[in-house]
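Undergrad: Below are the chains, spelled out letter by letter.
2 protein chains.
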Amino acid sequence: MLSKNKIKQILSLARKKERDETLLFVAEGNKTVTDLLPLFRCQTLVVTEKFRETLPGFQAEEIIIATKEEIKKASQLNTPQSALAVFYQQEYTLDVTSLKDKLSIMLDTIQDPGNLGTIIRIADWFGIEEVICSSETVDVYNPKTIQATMGAVGRVRVHYCDLCNLLDEIPGVPLFGTFLQGKNIFCDYLPPNGILLMGNEGNGISPQLESRVTEKLFIPNFPIGRKTSESLNVAVATAIACSEFRRRV
Amino acid sequence: MLSKNKIKQILSLARKKERDETLLFVAEGNKTVTDLLPLFRCQTLVVTEKFRETLPGFQAEEIIIATKEEIKKASQLNTPQSALAVFYQQEYTLDVTSLKDKLSIMLDTIQDPGNLGTIIRIADWFGIEEVICSSETVDVYNPKTIQATMGAVGRVRVHYCDLCNLLDEIPGVPLFGTFLQGKNIFCDYLPPNGILLMGNEGNGISPQLESRVTEKLFIPNFPIGRKTSESLNVAVATAIACSEFRRRV
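Chains as they are written, first to last, in this note's numbering: chain A, 27 to 275; chain B, 27 to 275.
Simulated from the structure, these hints should not be mistaken for lab results. Some clues are possibly wrong.
It does not matter which identical chain is used: a pair holds within one copy or between any two.
Said to hold, decoys possible - Subject to a maximum C-alpha distance of 20 angstroms in a straight line, what follows is the list of computed DMTMM-like cross-link-like pairs (lysine to aspartate or glutamate):
hint, residue 1, residue 2
1, Lys-170, Asp-138
2, Lys-98, Asp-121
3, Lys-126, Asp-165
4, Lys-57, Glu-256
5, Lys-242, Asp-46
6, Lys-170, Glu-227
7, Lys-30, Asp-46
8, Lys-253, Glu-47
9, Lys-57, Glu-227
10, Lys-253, Glu-155
11, Lys-209, Glu-236
12, Lys-57, Glu-162
13, Lys-242, Glu-96
14, Lys-34, Glu-87
15, Lys-34, Asp-127
16, Lys-32, Asp-46
17, Lys-253, Glu-162
18, Lys-126, Glu-75
19, Lys-170, Glu-256
20, Lys-99, Asp-188
Based on the sequences and whatever the hints tell you, model everything.
TA: Printed below as a string of structure tokens:
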């Protein structure tokens, strides 16, 4: 049975302040919980009896058997699910020198948790190991971010830091940014390594980071010159850019 | 001033049943309202006095000057905005024979309104004029869909119909679908015209439509064979596929 106190504790983790203090986060939904169980240390697993039987071997400090209705009380989702879990956050040390030899993603103040989650899922698909976020970027452990990663959060390392300071440490590593004007990404030479910088949903890449970009790229609309949307969604632009980098390798 | 009755009417349009009966829909946010004003017939425009002055010439049956706080009462958004509008829905007749000569998108039961909106924005960017949805696909006039299109809903024609019946009418038009197995989309020949079919978020393309697909495509992950996310978000996959079709023209 899921006690009132436990429900309160789980719901409190929807707040960043609470997550920062406890270093815990919540994952919801049968698929996400199943995917993350082998990847993160589990503090509390809440499952229906039926769903419990479908899970392969796993470790959790506490297992609570509950009904779907009880799980819904602790849930941020509209559709009732058979599983919810509280996990310990994972902290990664960024190996700065490794950034010279592979393709990584850098995010300048992404605000929407769904966009961040989708970008992490894209990074996973395209074998990008590091996603480096500005300190102002939305929290990776936001429940909506976790949901949108569809389990990829366990396979991609997400870091937060001052991006300008980091770039100071790796001179010579190419920094690519997508802009509304730049070299046609479909035609340009793209190396197998470097950093792909994506900007904020409304304001794009900030001026101080723009000045560090070594190659400005543009995703052409079609036909070129036609009146169209002003821009693409940032996760969509990330996907197209990653696919361009990877299709050439 | 925004009356209680008007607030009630606007809020009621969050329900599909109400939209279907009145053939109206709501658009929110300064940018979306500004973008849609020249594209849809406006029944009611609700704006702050200050924002009203920034708008270029436009027509609306009724203009209500209101405060941000009043607008928030009629809003589905969390962040208060300076504009909200009720528009008349637009009905399009699908010119079936035109589908032979251009690239179009077909959607099999897309459920998430944000995904549909993002796909419409992608279609606009890549000059795709028709998005043809199965009758089970989420409503294009859902407020979250309208929001996610960022104005593109005024430039792309969205149709609802029985997809199998429609395909019967256009024999010989190539039908492309993305699957977890198929020809590598980065390497395969892609013609400038045809229909790109995208499937439901959880279940993919339904069996009866799969049997109509003339070319199964696969977006390769990287490196091929690595353990990764099982799939890409449907809007992300649509973006990569559209970019592949258009980069070759």
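Undergrad: How would you classify Lys-253 and Glu-162 at a CA-CA limit of 20 angstroms: within, between, both, or neither?
TA: Neither: 33 angstroms inside a copy, 31 angstroms across copies.
Undergrad: Are the CA atoms of Lys-99 and Asp-188 at most 20 angstroms apart within a copy, between copies, both, or neither?
TA: neither (38 angstroms within a copy, 38 angstroms between copies)
Undergrad: Can you give me the call for Lys-57 and Glu-256, within, between, both or neither, at a CA distance of at most 20 angstroms?
TA: between (36 angstroms within a copy, 11 angstroms between copies)
Undergrad: Quick one: Lys-126 to Asp-165, C-alpha cut-off 20 angstroms, is that within a copy, between copies, both, or neither?
TA: neither (26 angstroms within a copy, 46 angstroms between copies)
Undergrad: First find the shortest C-alpha distance between Lys-30 and Asp-46 inside one copy, then the shortest across copies, and answer within, between, both or neither for a cut-off of 20 angstroms.
TA: Answer is neither: 22 angstroms inside a copy and 41 angstroms across each miss the 20 angstroms cutoff.
Undergrad: I want to check one pair: Lys-209 and Glu-236. Are their C-alpha atoms no more than 20 angstroms apart within a copy, between two copies, both, or neither?
TA: within (15 angstroms within a copy, 38 angstroms between copies)
Undergrad: For Lys-126 and Glu-75, with the copy left unspecified, which applies at a CA distance of at most 20 angstroms: within, between, both, or neither?
TA: Result: close neither inside a copy nor across copies, 48 angstroms intra and 53 angstroms inter.
Undergrad: 20 angstroms Cα cut-off: does Lys-170 pair with Glu-256 within a copy, between copies, both or neither?
TA: Close across copies (19 angstroms), not inside one copy (26 angstroms); limit 20 angstroms.
Undergrad: For Lys-170 and Asp-138, with the copy left unspecified, which applies at a CA distance of at most 20 angstroms: within, between, both, or neither?
TA: both (9 angstroms within a copy, 14 angstroms between copies)
Undergrad: Pop the pair Lys-253 and Glu-155 into one bin, within, between, both or neither, using alpha-carbon distances up to 20 angstroms.
TA: between (37 angstroms within a copy, 12 angstroms between copies)
Undergrad: State whether the alpha carbon distance between Lys-32 and Asp-46 is at most 20 angstroms within one copy, between copies, both, or neither.
TA: within (18 angstroms within a copy, 43 angstroms between copies)
Undergrad: Can you tell me if Lys-242 and Glu-96 fall within 20 angstroms by alpha carbon in one copy, between copies, both or neither?
TA: neither (51 angstroms within a copy, 43 angstroms between copies)
Consistency note: the structure conflicts with the earlier hints numbered 2, 3, 5, 7, 8, 12, 13, 15, 17, 18, 20.
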